[in-house]
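Participant: Sequence:
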Amino acid sequence: MYRDFAEQGICENGRTERKRPGMWYVVQTTVGSEKQIAEKLNRVYSEHADPPCFVLLKERTWRREGIYQIGVEPMFPGYIFVDTEDPQRLEENVHRLAGKAQLLMGGQALAIESSEEILFKELLRGDSQHTVRRFLVQANEAGEIVSAEGILGELLGQIVRKRFRKRVVTLEIPFLGKTHQVELSIRVKDDREKTMKEETI
0 MYRDFAEQGI
10 CENGRTERKR
20 PGMWYVVQTT
30 VGSEKQIAEK
40 LNRVYSEHAD
50 PPCFVLLKER
60 TWRREGIYQI
70 GVEPMFPGYI
80 FVDTEDPQRL
90 EENVHRLAGK
100 AQLLMGGQAL
110 AIESSEEILF
120 KELLRGDSQH
130 TVRRFLVQAN
140 EAGEIVSAEG
150 ILGELLGQIV
160 RKRFRKRVVT
170 LEIPFLGKTH
180 QVELSIRVKD
190 DREKTMKEET
200 I
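Residue numbers (numbering that gives the first Met the number 0): 0 to 200.
Rather than coming from a laboratory, the hints here were simulated on the basis of the structure. One or more of the hints may lead you astray.
In silico DMTMM-like pairs for lysine to aspartate or glutamate, Cα to Cα no more than 20 Å straight-line [what the hints assert, rightly or not]:
| hint | residue 1 | residue 2 |
| --- | --- | --- |
| 1 | Lys161 | Glu171 |
| 2 | Lys39 | Glu84 |
| 3 | Lys188 | Glu64 |
In this text the structure is predicted, and so the values were computed from the model without any measurement.
Build the full structure now, drawing on both the sequences and the hints.
Facilitator: Structure (structure tokens):
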């Protein structure tokens, strides 16, 4: 799953090769302003049926009086994703935001690795809100997860921490060529749940 910078598409001179259309690029902004900046960028792409800029979200779970409350939060705080075939236009649009967002390669658009993009799409499972939803799991009497739906079932070996009662697992996954620990929410059949009316990111 891990690749060196050459495979990622970064040349020796630091420029990113344009290897495939419709790549996922990343834009950095301040934590807490991801949604606002993504919306501003999307206004420039008004001719697109599907806005290309989005925040990669994940459901979060906490327990209150025996009921699991469900909200959402950024999976990678401070980052916006852009699905585009035109990185040059993305660079121009980001520069118009006057410092409210920045590119990671000295003003040049940086695409994530194709393996990372594939993994994120598998985690999303086609969700229209770009949100990683809870994964249904099965556990034994000791609380050990023995199976899980979707891609999580293939990544059980990458779980580094498990809080089963809180329905949270911590997974090691790659992002921008480095390993990150990300908390993902899980669920068990017949869980009592409540989705928050206002999902705040």
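Participant: Each hint: holds or not?
Facilitator: Structure-based check of all given hints:
Under the criterion of a C-alpha separation no larger than 20 Å, the hint pairing Lys161 with Glu171 is consistent with the structure, at around 12 Å. Restraint check for Lys39 and Glu84: satisfied, since their Cα atoms lie roughly 19 Å apart, inside the 20 Å limit. Simply put, Lys188 and Glu64 have alpha-carbon atoms about 18 Å apart, close enough for the 20 Å limit, and the pair holds.
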